[in-house]
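**Q** Residue strings, one per chain:
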Amino acid sequence: MKTKTILVLLAAGALWAVQPVQAHHAFAAEYDSKKPVTLQGTLTKMEWVNPHGWIYMETKQPDGTTKKWTVETSGPNQMSRRGLKKTDFTAGMAVTVKGYQGIKDPGLANGRTLVLADGRSFYIGSVGGPNDGADR
Amino acid sequence: MKYFHYLYAAAAVALVAVSVIAGCAAPAPEKPPAAAAPPYRPVASIREVMNSVIDPSVDEVWNSVGSTVDHKGLTDRAPNADEDWAAVRRHALIVSEAANLLLMHDRPVAPPGAPSLAPGVELTPEEIRALIDKNPDGWNFYVQQFQDALTPALAAIDAKNSQALFDAGEKIDETCENCHTTFWYPKAVASSR
Numbered sequence: 001m002k003t004k005t006i007l008v009l010l011a012a013g014a015l016w017a018v019q020p021v022q023a024h025h026a027f028a029a030e031y032d033s034k035k036p037v038t039l040q041g042t043l044t045k046m047e048w049v050n051p052h053g054w055i056y057m058e059t060k061q062p063d064g065t066t067k068k069w070t071v072e073t074s075g076p077n078q079m080s081r082r083g084l085k086k087t088d089f090t091a092g093m094a095v096t097v098k099g100y101q102g103i104k105d106p107g108l109a110n111g112r113t114l115v116l117a118d119g120r121s122f123y124i125g126s127v128g129g130p131n132d133g134a135d136r
Numbered sequence: 001m002k003y004f005h006y007l008y009a010a011a012a013v014a015l016v017a018v019s020v021i022a023g024c025a026a027p028a029p030e031k032p033p034a035a036a037a038p039p040y041r042p043v044a045s046i047r048e049v050m051n052s053v054i055d056p057s058v059d060e061v062w063n064s065v066g067s068t069v070d071h072k073g074l075t076d077r078a079p080n081a082d083e084d085w086a087a088v089r090r091h092a093l094i095v096s097e098a099a100n101l102l103l104m105h106d107r108p109v110a111p112p113g114a115p116s117l118a119p120g121v122e123l124t125p126e127e128i129r130a131l132i133d134k135n136p137d138g139w140n141f142y143v144q145q146f147q148d149a150l151t152p153a154l155a156a157i158d159a160k161n162s163q164a165l166f167d168a169g170e171k172i173d174e175t176c177e178n179c180h181t182t183f184w185y186p187k188a189v190a191s192s193r
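From first to last, the protein sequence lines are chains A and B.
My numbering numbers the first residue of the first sequence as 1 and each following residue consecutively.
My numbering numbers the first residue of the second sequence as 1 and each following residue consecutively.
Hints may contain errors.
To be verified - Selected chain B positions facing chain A (in silico; Cβ < 10 Å):
id : residue
1  : 63
2  : 66
3  : 67
4  : 69
5  : 70
6  : 76
7  : 121
8  : 126
9  : 187
Claimed, not checked - Straight-line Cα separation of at most 27 Å, DSS-like style, residue types lysine-lysine; simulated pairs:
id : chain 1 : residue 1 : chain 2 : residue 2
10 : A       : 98        : A       : 85
11 : A       : 35        : B       : 171
12 : A       : 85        : B       : 72
13 : A       : 60        : B       : 72
14 : A       : 68        : A       : 34
15 : A       : 34        : A       : 67
16 : A       : 68        : A       : 85
17 : A       : 104       : A       : 68
18 : A       : 85        : B       : 187
19 : B       : 72        : A       : 67
20 : A       : 45        : A       : 35
21 : A       : 34        : A       : 86
22 : A       : 98        : A       : 60
23 : A       : 68        : B       : 171
24 : B       : 72        : A       : 45
25 : B       : 187       : A       : 98
26 : A       : 35        : A       : 67
27 : B       : 171       : A       : 34
These aren't lab readings, by the way, just hints derived from the structure by calculation.
Cβ coordinates follow ideal geometry from the N, Cα and C atoms, glycine included.
All chains should be built: construct the whole structure from the sequences, respecting the hints.
**A** If you want it as structure tokens, here you go:
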């Protein structure tokens, strides 16, 4: 019984660990506008969901290791209005994301622009981000 | 002629008498009754209602429709069986009705002594309370705007229209942001402009 309880708790913990942050906070509460990042890597997963989309990607580190990133985007309909569709994504595709790193989670970023392998570039920033001109 | 003088005098006396009697019979102007204490008793703070009631249920509404791209390809998800639609409807109703909880103005913003969740970015509970007290109509407006945004979601659920539910999700988020940027982190929004 005790073992079963522990397994359930572990499973719940694992599920919680992969859930992206959903609570509403100001941009500056979660992301550091003084830490811009440019992530060149491979898309592993895309969640096209309200209220924010999520890009999961891996980048190669200078030491050869791989780093996993979770990138928050604006809402899917906002991205659609800018021409980006869910069908533009495939796992394994090369992507470049410019954004800002998370304050507490160094593997989290808020995306501002997304460049696909075919060269198309899209604004993917959410409301309240820094006034950096990415949306123009 | 003298007869008419007596008649006028009698009429005047009668008029005064009627007025006095009427005045005595009329109830004295009453003081307005003291406002009765509302029958409801808030238990949780606004922060707790958000975290315990609204956030978990609105996430269920949002996550019920969407798409995932991964190594298996593109997978769309939406409520399918009647039970799925019933489940998401329960969550939409919880959110919609929970908006009424936010309209109880004697509900504290956060538990006693609770700090800002993001000091320097989000206001303290005391600062938020001051903003709400200064602008109660604005608070009511944004909360009701949020509640109104659930109406298309409920209609989409009743019509079993997943695209309409997806579109309604965006509007719900907009109303969340409208309220949060006004009362929770107005400084952060101002600094990003």
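**Q** Each hint needs a verdict: does it hold in this structure or not?
**A** Now for the hints, and whether the structure bears them out:
no. : hint            : in the structure
1   : 63              : holds, 6 Å
2   : 66              : holds, 3 Å
3   : 67              : holds, 4 Å
4   : 69              : holds, 4 Å
5   : 70              : holds, 4 Å
6   : 76              : holds, 8 Å
7   : 121             : holds, 4 Å
8   : 126             : violated, 18 Å
9   : 187             : holds, 9 Å
10  : 98(A) to 85(A)  : holds, 18 Å
11  : 35(A) to 171(B) : violated, 31 Å
12  : 85(A) to 72(B)  : holds, 18 Å
13  : 60(A) to 72(B)  : holds, 23 Å
14  : 68(A) to 34(A)  : holds, 21 Å
15  : 34(A) to 67(A)  : holds, 21 Å
16  : 68(A) to 85(A)  : holds, 23 Å
17  : 104(A) to 68(A) : holds, 15 Å
18  : 85(A) to 187(B) : violated, 33 Å
19  : 72(B) to 67(A)  : holds, 22 Å
20  : 45(A) to 35(A)  : holds, 24 Å
21  : 34(A) to 86(A)  : violated, 30 Å
22  : 98(A) to 60(A)  : holds, 16 Å
23  : 68(A) to 171(B) : violated, 31 Å
24  : 72(B) to 45(A)  : holds, 10 Å
25  : 187(B) to 98(A) : holds, 25 Å
26  : 35(A) to 67(A)  : holds, 17 Å
27  : 171(B) to 34(A) : violated, 31 Å
Comparing the model with each earlier hint shows violations of hints 8, 11, 18, 21, 23 and 27; every other hint is respected.
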